[in-house]
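K.L.:
Sequence:
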Amino acid sequence: MEATALQSPMSTANGSGQKSLGKTGVLLVNLGTPDSPAVPDVRKYLREFLMDGRVIDVPYAVRTVLVNGIIAPFRAPKSAKIYKELWDEQGSPLKYYGYKVEKLVQAELGDDYVVKLAMRYQSPSIDTALDAFQKLALTDIVVLPFFPQYASASTGSVYEKVMDILKTWQVIPKVRFVNRFLEHPKFIEGFAQNARNYMATHEFDHFLFSYHGLPERQIRKGDVSKAVCKFGACCESLRADNQYCYRAQCFETTRLLVKALNIPEGKYTTSFQSRLGNDPWIKPYTDDIIKEMPGKGIKSVLAFSPAFVADCLETTIEVGEEYKEIFEEAGGTHWQLVESLNDSPLWIETVVDLVKG
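For the sequence shown, the working numbering gives the first residue as 62, with consecutive numbering after it.
Don't read these hints as lab results, they were simulated from the structure. Remember, predicted model here, so these are calculated numbers, not experimental data. Beta carbons are placed, not taken as given, at the ideal position from N, Cα and C, and that holds for glycine. Honestly, I wouldn't trust all of these hints.
[Unchecked claim] Derived lysine-lysine pairs resembling DSSO-like cross-links, with alpha carbons at most 27 Å apart: (1) Lys344 to Lys357; (2) Lys417 to Lys357; (3) Lys145 to Lys196; (4) Lys142 to Lys164; (5) Lys291 to Lys320; (6) Lys228 to Lys247; (7) Lys360 to Lys344; (8) Lys247 to Lys196; (9) Lys291 to Lys161; (10) Lys235 to Lys417; (11) Lys196 to Lys177; (12) Lys139 to Lys105; (13) Lys161 to Lys177; (14) Lys352 to Lys328; (15) Lys235 to Lys142; (16) Lys235 to Lys177; (17) Lys360 to Lys385; (18) Lys196 to Lys161; (19) Lys360 to Lys320; (20) Lys139 to Lys84; (21) Lys164 to Lys360; (22) Lys177 to Lys105; (23) Lys291 to Lys247; (24) Lys228 to Lys139; (25) Lys291 to Lys139; (26) Lys247 to Lys320; (27) Lys385 to Lys142; (28) Lys328 to Lys282; (29) Lys360 to Lys291.
[To be verified] Here are the simulated distance ranges between beta carbons: (30) Pro406 to Asp172: 31 to 39 Å; (31) Asp302 to Asp340: 21 to 29 Å; (32) Ile226 to Ser298: 43 to 51 Å; (33) Ser184 to Gly392: 38 to 46 Å; (34) Pro101 to Asp225: 20 to 28 Å; (35) Arg278 to Ala122: 15 to 23 Å; (36) Arg300 to Ile226: 30 to 38 Å; (37) Val285 to Trp230: 27 to 35 Å.
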(Lines of atoms letter the chains of each structure in order from A; the text may use other names.)
(Lines give C-alpha, C1' and ligand atoms only; values in the text may rest on other atoms or scores of the structure.)
Protein backbone atom coordinates (compact mmCIF):
# COMPACT_ATOMS: atom_id res chain seq x y z
CA MET A 62 0.00 0.00 0.00
CA GLU A 63 1.38 3.43 -0.87
CA ALA A 64 2.11 5.84 1.98
CA THR A 65 -0.37 8.39 0.68
CA ALA A 66 -3.19 5.93 1.21
CA LEU A 67 -2.48 5.98 4.96
CA GLN A 68 -2.92 9.72 5.29
CA SER A 69 -6.20 11.20 6.40
CA PRO A 70 -7.89 13.76 4.16
CA MET A 71 -7.69 16.07 7.18
CA SER A 72 -3.88 16.01 7.15
CA THR A 73 -1.99 19.26 6.56
CA ALA A 74 1.70 19.97 6.26
CA ASN A 75 3.46 21.40 9.30
CA GLY A 76 6.68 23.46 9.36
CA SER A 77 8.92 20.38 9.28
CA GLY A 78 7.37 19.06 6.08
CA GLN A 79 5.64 16.23 7.94
CA LYS A 80 1.91 15.65 7.82
CA SER A 81 -0.24 16.80 10.74
CA LEU A 82 -3.69 15.37 11.50
CA GLY A 83 -5.06 18.51 13.09
CA LYS A 84 -4.44 22.17 13.73
CA THR A 85 -1.62 23.91 15.57
CA GLY A 86 -2.43 26.19 18.47
CA VAL A 87 -0.35 29.34 18.78
CA LEU A 88 -0.22 30.95 22.21
CA LEU A 89 1.14 34.50 22.11
CA VAL A 90 1.95 35.66 25.65
CA ASN A 91 2.84 39.12 26.85
CA LEU A 92 3.44 40.28 30.41
CA GLY A 93 0.07 41.80 31.24
CA THR A 94 -1.71 45.00 32.11
CA PRO A 95 -4.45 46.08 34.53
CA ASP A 96 -8.00 45.79 33.25
CA SER A 97 -8.34 49.53 33.80
CA PRO A 98 -6.29 52.37 35.30
CA ALA A 99 -8.57 52.42 38.36
CA VAL A 100 -6.77 51.84 41.67
CA PRO A 101 -8.52 48.50 42.51
CA ASP A 102 -7.63 47.04 39.09
CA VAL A 103 -4.04 48.25 39.35
CA ARG A 104 -3.76 46.82 42.86
CA LYS A 105 -5.13 43.48 41.64
CA TYR A 106 -2.63 43.42 38.79
CA LEU A 107 0.31 44.30 41.03
CA ARG A 108 -0.61 41.57 43.51
CA GLU A 109 -0.77 38.87 40.85
CA PHE A 110 2.41 40.08 39.14
CA LEU A 111 4.54 40.56 42.25
CA MET A 112 3.34 37.40 44.02
CA ASP A 113 4.95 35.37 41.23
CA GLY A 114 7.90 33.62 42.87
CA ARG A 115 9.97 34.13 39.74
CA VAL A 116 9.44 37.90 39.89
CA ILE A 117 10.12 38.44 43.59
CA ASP A 118 12.20 35.40 44.37
CA VAL A 119 12.01 35.37 48.16
CA PRO A 120 10.19 32.89 50.44
CA TYR A 121 6.41 32.88 50.03
CA ALA A 122 5.69 34.23 53.54
CA VAL A 123 8.09 37.14 53.08
CA ARG A 124 6.73 37.84 49.58
CA THR A 125 3.15 37.85 50.90
CA VAL A 126 3.95 40.46 53.53
CA LEU A 127 5.93 42.60 51.10
CA VAL A 128 3.38 42.54 48.28
CA ASN A 129 0.06 42.53 50.12
CA GLY A 130 1.15 44.56 53.12
CA ILE A 131 3.48 47.14 51.63
CA ILE A 132 4.03 47.28 47.85
CA ALA A 133 0.52 46.84 46.40
CA PRO A 134 -1.36 49.07 48.89
CA PHE A 135 1.09 51.96 48.63
CA ARG A 136 2.17 51.62 45.02
CA ALA A 137 -1.25 51.06 43.43
CA PRO A 138 -2.51 54.67 43.75
CA LYS A 139 0.75 56.05 42.32
CA SER A 140 0.82 53.51 39.50
CA ALA A 141 -2.85 54.15 38.71
CA LYS A 142 -2.06 57.80 37.99
CA ILE A 143 0.68 56.76 35.58
CA TYR A 144 -1.56 54.18 33.88
CA LYS A 145 -4.12 56.93 33.30
CA GLU A 146 -1.45 58.81 31.33
CA LEU A 147 -0.79 55.69 29.26
CA TRP A 148 -4.43 54.78 28.59
CA ASP A 149 -6.01 56.12 25.41
CA GLU A 150 -9.37 55.70 23.70
CA GLN A 151 -8.49 52.09 22.81
CA GLY A 152 -7.31 51.22 26.31
CA SER A 153 -3.91 49.80 27.21
CA PRO A 154 -1.48 49.74 24.25
CA LEU A 155 0.02 46.46 25.42
CA LYS A 156 -3.37 44.80 25.15
CA TYR A 157 -4.83 46.38 22.02
CA TYR A 158 -1.62 45.92 20.07
CA GLY A 159 -1.65 42.32 21.29
CA TYR A 160 -5.11 41.76 19.84
CA LYS A 161 -4.07 43.38 16.56
CA VAL A 162 -1.04 41.08 16.34
CA GLU A 163 -3.24 38.08 17.13
CA LYS A 164 -5.56 38.96 14.26
CA LEU A 165 -2.79 39.71 11.76
CA VAL A 166 -0.79 36.58 12.61
CA GLN A 167 -3.94 34.46 12.31
CA ALA A 168 -4.55 35.89 8.85
CA GLU A 169 -0.97 35.16 7.78
CA LEU A 170 -0.90 31.60 9.15
CA GLY A 171 -4.30 30.55 7.82
CA ASP A 172 -6.84 27.95 8.85
CA ASP A 173 -4.31 25.31 9.90
CA TYR A 174 -3.52 27.41 12.97
CA VAL A 175 -5.52 28.79 15.89
CA VAL A 176 -3.91 31.91 17.34
CA LYS A 177 -4.71 33.12 20.85
CA LEU A 178 -3.37 36.12 22.78
CA ALA A 179 -2.80 35.70 26.51
CA MET A 180 -1.26 37.70 29.31
CA ARG A 181 0.89 36.16 32.01
CA TYR A 182 -0.96 38.33 34.52
CA GLN A 183 -4.64 39.35 34.28
CA SER A 184 -6.67 39.05 31.10
CA PRO A 185 -6.90 37.47 28.61
CA SER A 186 -5.47 34.71 30.76
CA ILE A 187 -3.28 31.78 29.80
CA ASP A 188 -5.83 29.49 31.49
CA THR A 189 -8.63 30.69 29.21
CA ALA A 190 -6.55 30.34 26.03
CA LEU A 191 -5.34 26.84 26.89
CA ASP A 192 -8.86 25.77 27.87
CA ALA A 193 -9.99 26.75 24.38
CA PHE A 194 -7.07 24.83 22.87
CA GLN A 195 -7.88 21.71 24.91
CA LYS A 196 -11.34 21.51 23.36
CA LEU A 197 -9.94 21.62 19.81
CA ALA A 198 -7.91 18.39 19.88
CA LEU A 199 -4.86 20.18 18.53
CA THR A 200 -1.90 18.29 17.14
CA ASP A 201 0.68 20.88 18.25
CA ILE A 202 0.92 23.92 20.48
CA VAL A 203 3.53 26.65 20.00
CA VAL A 204 4.07 28.93 22.98
CA LEU A 205 5.64 32.26 22.07
CA PRO A 206 6.40 34.59 25.00
CA PHE A 207 6.76 38.15 23.70
CA PHE A 208 10.12 38.65 25.42
CA PRO A 209 13.10 39.02 23.06
CA GLN A 210 15.58 38.07 25.79
CA TYR A 211 15.10 35.09 28.12
CA ALA A 212 14.73 35.76 31.83
CA SER A 213 13.37 33.55 34.58
CA ALA A 214 11.01 36.34 35.67
CA SER A 215 9.46 36.69 32.21
CA THR A 216 9.88 33.80 29.76
CA GLY A 217 10.57 31.32 32.57
CA SER A 218 7.40 32.36 34.35
CA VAL A 219 5.33 31.80 31.18
CA TYR A 220 6.85 28.33 30.76
CA GLU A 221 6.04 27.45 34.36
CA LYS A 222 2.45 28.66 34.10
CA VAL A 223 1.82 26.78 30.84
CA MET A 224 3.35 23.57 32.18
CA ASP A 225 1.34 23.80 35.41
CA ILE A 226 -1.84 23.81 33.31
CA LEU A 227 -0.79 21.22 30.75
CA LYS A 228 0.24 18.69 33.41
CA THR A 229 -3.44 18.37 34.37
CA TRP A 230 -4.49 17.37 30.84
CA GLN A 231 -5.09 13.71 30.12
CA VAL A 232 -3.86 14.19 26.56
CA ILE A 233 -0.97 16.59 26.05
CA PRO A 234 -0.16 17.43 22.42
CA LYS A 235 3.32 18.17 21.17
CA VAL A 236 4.42 21.49 22.67
CA ARG A 237 7.18 23.80 21.48
CA PHE A 238 8.36 26.81 23.46
CA VAL A 239 10.14 29.72 21.81
CA ASN A 240 12.99 30.62 24.14
CA ARG A 241 14.17 33.99 22.79
CA PHE A 242 14.33 35.83 19.50
CA LEU A 243 16.76 38.71 19.97
CA GLU A 244 18.88 37.42 17.06
CA HIS A 245 16.02 37.25 14.58
CA PRO A 246 16.97 39.56 11.67
CA LYS A 247 13.43 40.92 11.26
CA PHE A 248 13.15 41.73 14.97
CA ILE A 249 16.38 43.73 14.74
CA GLU A 250 15.38 45.35 11.45
CA GLY A 251 12.01 46.34 12.92
CA PHE A 252 13.64 48.50 15.58
CA ALA A 253 16.29 49.71 13.14
CA GLN A 254 13.61 50.76 10.66
CA ASN A 255 11.78 52.77 13.33
CA ALA A 256 15.05 54.41 14.38
CA ARG A 257 16.02 55.40 10.83
CA ASN A 258 12.85 57.50 10.59
CA TYR A 259 14.24 59.75 13.33
CA MET A 260 17.87 59.55 12.25
CA ALA A 261 16.86 60.85 8.82
CA THR A 262 15.60 64.12 10.26
CA HIS A 263 17.90 64.73 13.24
CA GLU A 264 21.56 64.19 14.10
CA PHE A 265 21.86 62.55 17.51
CA ASP A 266 24.88 62.87 19.79
CA HIS A 267 24.27 59.51 21.46
CA PHE A 268 22.14 56.36 21.30
CA LEU A 269 20.78 54.79 24.49
CA PHE A 270 19.59 51.19 24.70
CA SER A 271 17.61 50.80 27.92
CA TYR A 272 16.37 47.39 29.05
CA HIS A 273 14.16 46.32 31.91
CA GLY A 274 16.30 45.54 34.94
CA LEU A 275 16.57 42.47 37.15
CA PRO A 276 18.05 41.89 40.60
CA GLU A 277 21.65 40.71 40.40
CA ARG A 278 20.74 37.68 42.52
CA GLN A 279 18.48 36.38 39.75
CA ILE A 280 21.32 36.58 37.25
CA ARG A 281 23.58 34.68 39.66
CA LYS A 282 20.94 31.99 40.12
CA GLY A 283 20.89 31.49 36.35
CA ASP A 284 24.64 30.89 36.28
CA VAL A 285 24.49 27.13 36.85
CA SER A 286 28.29 26.86 36.66
CA LYS A 287 28.68 29.47 39.43
CA ALA A 288 31.82 30.58 37.61
CA VAL A 289 30.77 32.72 34.62
CA CYS A 290 28.78 35.65 35.96
CA LYS A 291 30.95 38.66 36.90
CA PHE A 292 28.61 41.49 35.77
CA GLY A 293 31.31 42.85 33.51
CA ALA A 294 33.45 41.49 30.68
CA CYS A 295 31.51 38.22 30.76
CA CYS A 296 28.70 40.04 28.91
CA GLU A 297 30.90 41.27 26.06
CA SER A 298 29.82 38.30 23.94
CA LEU A 299 26.99 35.77 23.94
CA ARG A 300 28.35 32.23 24.23
CA ALA A 301 27.26 28.76 25.26
CA ASP A 302 28.27 29.35 28.88
CA ASN A 303 26.29 32.60 29.29
CA GLN A 304 23.51 32.11 26.73
CA TYR A 305 20.77 32.34 29.39
CA CYS A 306 22.22 35.40 31.12
CA TYR A 307 19.66 38.16 30.62
CA ARG A 308 22.29 40.88 30.91
CA ALA A 309 24.50 39.25 28.28
CA GLN A 310 21.50 38.87 25.96
CA CYS A 311 20.69 42.56 26.31
CA PHE A 312 24.25 43.58 25.41
CA GLU A 313 24.05 41.24 22.40
CA THR A 314 20.78 42.91 21.32
CA THR A 315 22.52 46.28 21.47
CA ARG A 316 25.44 45.02 19.40
CA LEU A 317 23.08 43.73 16.70
CA LEU A 318 21.15 47.02 16.57
CA VAL A 319 24.35 49.07 16.53
CA LYS A 320 25.60 47.02 13.58
CA ALA A 321 22.29 47.39 11.71
CA LEU A 322 22.35 51.17 12.22
CA ASN A 323 26.10 51.67 11.68
CA ILE A 324 26.45 53.50 14.99
CA PRO A 325 30.11 54.32 15.74
CA GLU A 326 31.84 52.88 18.80
CA GLY A 327 31.64 55.25 21.75
CA LYS A 328 28.31 56.77 20.67
CA TYR A 329 26.01 54.29 22.39
CA THR A 330 25.28 52.96 25.87
CA THR A 331 23.45 49.90 27.23
CA SER A 332 21.66 50.40 30.56
CA PHE A 333 18.86 49.03 32.74
CA GLN A 334 15.70 50.59 34.14
CA SER A 335 12.76 49.95 36.53
CA ARG A 336 14.47 49.08 39.81
CA LEU A 337 12.40 47.93 42.80
CA GLY A 338 13.66 47.67 46.39
CA ASN A 339 17.10 48.18 47.87
CA ASP A 340 18.93 45.08 46.61
CA PRO A 341 21.47 45.70 43.80
CA TRP A 342 20.07 45.35 40.29
CA ILE A 343 22.03 44.87 37.09
CA LYS A 344 23.99 47.95 36.06
CA PRO A 345 24.50 50.50 34.73
CA TYR A 346 21.26 52.18 35.82
CA THR A 347 19.57 54.19 33.06
CA ASP A 348 18.59 57.16 35.22
CA ASP A 349 22.18 57.56 36.47
CA ILE A 350 23.54 57.40 32.92
CA ILE A 351 21.08 60.05 31.72
CA LYS A 352 22.01 62.52 34.44
CA GLU A 353 25.66 62.38 33.39
CA MET A 354 25.13 62.79 29.65
CA PRO A 355 24.71 66.59 29.29
CA GLY A 356 27.85 67.18 31.35
CA LYS A 357 29.74 65.09 28.79
CA GLY A 358 28.47 67.23 25.91
CA ILE A 359 25.63 64.88 24.96
CA LYS A 360 22.66 67.12 24.25
CA SER A 361 20.63 64.95 21.86
CA VAL A 362 19.72 61.29 22.47
CA LEU A 363 17.80 58.63 20.54
CA ALA A 364 16.52 56.12 23.10
CA PHE A 365 15.53 52.50 22.50
CA SER A 366 13.71 50.03 24.77
CA PRO A 367 14.33 46.70 22.97
CA ALA A 368 13.12 44.44 25.77
CA PHE A 369 9.53 45.31 24.85
CA VAL A 370 7.77 44.50 21.56
CA ALA A 371 4.72 46.65 22.36
CA ASP A 372 4.57 50.12 23.84
CA CYS A 373 3.65 50.11 27.50
CA LEU A 374 4.28 51.88 30.80
CA GLU A 375 8.01 51.09 30.70
CA THR A 376 8.48 52.50 27.19
CA THR A 377 6.01 55.33 26.60
CA ILE A 378 6.00 56.73 30.14
CA GLU A 379 9.28 55.68 31.75
CA VAL A 380 11.66 56.04 28.81
CA GLY A 381 9.63 58.42 26.68
CA GLU A 382 8.55 60.92 29.35
CA GLU A 383 10.22 60.41 32.73
CA TYR A 384 13.72 59.95 31.34
CA LYS A 385 13.21 62.86 28.96
CA GLU A 386 12.44 65.06 31.96
CA ILE A 387 15.57 63.86 33.80
CA PHE A 388 17.67 64.50 30.68
CA GLU A 389 16.33 68.00 30.13
CA GLU A 390 16.72 68.93 33.81
CA ALA A 391 20.38 67.90 33.54
CA GLY A 392 20.86 70.19 30.53
CA GLY A 393 19.90 68.00 27.56
CA THR A 394 17.94 69.54 24.69
CA HIS A 395 16.54 66.72 22.52
CA TRP A 396 15.26 63.32 23.66
CA GLN A 397 13.47 60.92 21.31
CA LEU A 398 12.06 57.48 22.07
CA VAL A 399 12.04 54.86 19.31
CA GLU A 400 8.63 53.24 19.48
CA SER A 401 8.26 49.49 19.95
CA LEU A 402 7.31 47.09 17.14
CA ASN A 403 3.61 47.08 18.10
CA ASP A 404 1.71 45.76 15.03
CA SER A 405 4.26 46.66 12.36
CA PRO A 406 4.59 44.41 9.29
CA LEU A 407 8.13 43.33 10.24
CA TRP A 408 6.94 42.27 13.69
CA ILE A 409 4.13 40.21 12.19
CA GLU A 410 6.65 38.56 9.86
CA THR A 411 8.90 37.86 12.84
CA VAL A 412 6.09 36.18 14.78
CA VAL A 413 5.08 34.06 11.80
CA ASP A 414 8.68 32.95 11.32
CA LEU A 415 9.02 32.02 15.00
CA VAL A 416 5.77 30.05 14.96
CA LYS A 417 6.76 28.08 11.89
CA GLY A 418 10.19 27.41 13.41
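K.L.:
Which hint numbers does the structure go against, in order from smallest to largest?
P.N.:
2, 3, 4, 6, 8, 9, 15, 20, 21, 23, 24, 25, 28, 29, 30 and 32
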